[in-house]
Amino acid sequence: GDSVTQMEGPVTLSEEAFLTINCTYTATGYPSLFWYVQYPGEGLQLLLKATKADDKGSNKGFEATYRKETTSFHLEKGSVQVSDSAVYFCALSDTGRRALTFGSGTRLQVQP
Amino acid sequence: GAVVSQHPSWVICKSGTSVKIECRSLDFQATTMFWYRQFPKQSLMLMATSNEGSKATYEQGVEKDKFLINHASLTLSTLTVTSAHPEDSSFYICSATQHRAMNTEAFFGQGTRLTVV
Chain L
1 GDSVTQMEGP VTLSEEAFLT INCTYTATGY PSLFWYVQYP GEGLQLLLKA TKADDKGSNK
61 GFEATYRKET TSFHLEKGSV QVSDSAVYFC ALSDTGRRAL TFGSGTRLQV QP
Chain H
1 GAVVSQHPSW VICKSGTSVK IECRSLDFQA TTMFWYRQFP KQSLMLMATS NEGSKATYEQ
61 GVEKDKFLIN HASLTLSTLT VTSAHPEDSS FYICSATQHR AMNTEAFFGQ GTRLTVV
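Just so you know, the sequences run in chain order L and H. Mapping the first sequence onto my numbering, position 2 (from 1) lands on 2, and the numbers just tick up by one. Mapping the second sequence onto my numbering, position 66 (from 1) lands on 66, and the numbers just tick up by one.
In case anyone wonders, no lab produced these hints; they're calculated from the structure. Take the hints with a grain of salt, since some may be wrong.
[What the hints assert, rightly or not] Computed beta-carbon distance windows for the label pairs:
| id | chain 1 | residue 1 | chain 2 | residue 2 | range |
| --- | --- | --- | --- | --- | --- |
| 1 | H | THR115 | L | PRO40 | 31 to 39 Å |
| 2 | H | LYS66 | L | LYS68 | 33 to 41 Å |
| 3 | H | THR17 | L | SER14 | 41 to 49 Å |
| 4 | L | SER3 | H | GLN29 | 40 to 48 Å |
[Said to hold, decoys possible] So, partial list: chain H residues that the calculated Cβ filter (under 7 Å) puts toward chain L:
| id | residue |
| --- | --- |
| 5 | PHE34 |
| 6 | GLN42 |
| 7 | SER43 |
| 8 | LEU46 |
| 9 | THR49 |
| 10 | GLU105 |
| 11 | PHE108 |
| 12 | GLY109 |
| 13 | GLN110 |
Here the structure is a predicted model, which is why all the values come from computation and not from measurement. Where a beta carbon is used, it is the ideal one built from N, C-alpha and C, also for glycine.
Build the full structure now, drawing on both the sequences and the hints.
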């Protein structure tokens with residue numbers, strides 16, 4: 001079945017540092033890939049998505065590229081801010097299925 | 001974006017009692033809602049899919065008689081954990097989509113942390 005594996009946290013960075021959160025997936029069809037973010041006390045919010053191979057999703061300075069050859073969708077940001085502190089979830093939606101398969105989440109803590 | 005409100009955000013109940021969790025779409029009609037469960041340091045796992053006006057579809061291994069799902073209107077779905085036990089303690093989160101079309105964005109509630117003592 002489908003699965004998503006993302007790096008374990010917590011990840012602790014200083015402000016303005018470069019961020020990478022790794023995410024790899026297995027799927028039987030042609031999935032769409034997503035990154036969701038959950039700020040403390042809030043629900044999950046869609047951060048970015050990519051629906052086909054080589055697509056790049058981007059939002060708020062975050063980027064992720066759909067790499068079919070490596071089945072990966074790593075999240076990157078060039079310069080993190082304290083306000084980026086949150087839990088980040090990688091997820092996929094496989095062909096014909098609107099429910100999401102999630103990774104375990106990675107907590108990011110950015111220090112001033 | 002659209003707002004999904006989930007209530008309560010946390011609940012503590014005694015073993016053997018039932019707990020109801022509500023999931024509301026505040027500014028859109030949700031034809032489909034999904035219920036997920038998350039154990040500590042693990043993924044969110046899909047429990048069931050509910051479509052307005054029809055029976056929920058449960059994932060393999062999820063007891064439908066224990067986790068009762070009702071989606072009686074286009075803005076409300078409820079999950080009732082019946083005869084709760086400590087092993088049911090978990091984080092439950094719902095999401096809703098607006099249309100039946102594929103790849104429509106899912107909007108999530110804030111989640112409910114259930115502790116059964």
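Quick rundown of the hints versus the structure:
no. : hint                               : result
1   : THR115(H) <-> PRO40(L): 31 to 39 Å : 19 Å, violated
2   : LYS66(H) <-> LYS68(L): 33 to 41 Å  : 39 Å, holds
3   : THR17(H) <-> SER14(L): 41 to 49 Å  : 47 Å, holds
4   : SER3(L) <-> GLN29(H): 40 to 48 Å   : 32 Å, violated
5   : PHE34                              : 5 Å, holds
6   : GLN42                              : 6 Å, holds
7   : SER43                              : 5 Å, holds
8   : LEU46                              : 5 Å, holds
9   : THR49                              : 6 Å, holds
10  : GLU105                             : 6 Å, holds
11  : PHE108                             : 4 Å, holds
12  : GLY109                             : 5 Å, holds
13  : GLN110                             : 4 Å, holds
The structure is inconsistent with the numbered hints 1 and 4, although it conforms to all the rest.
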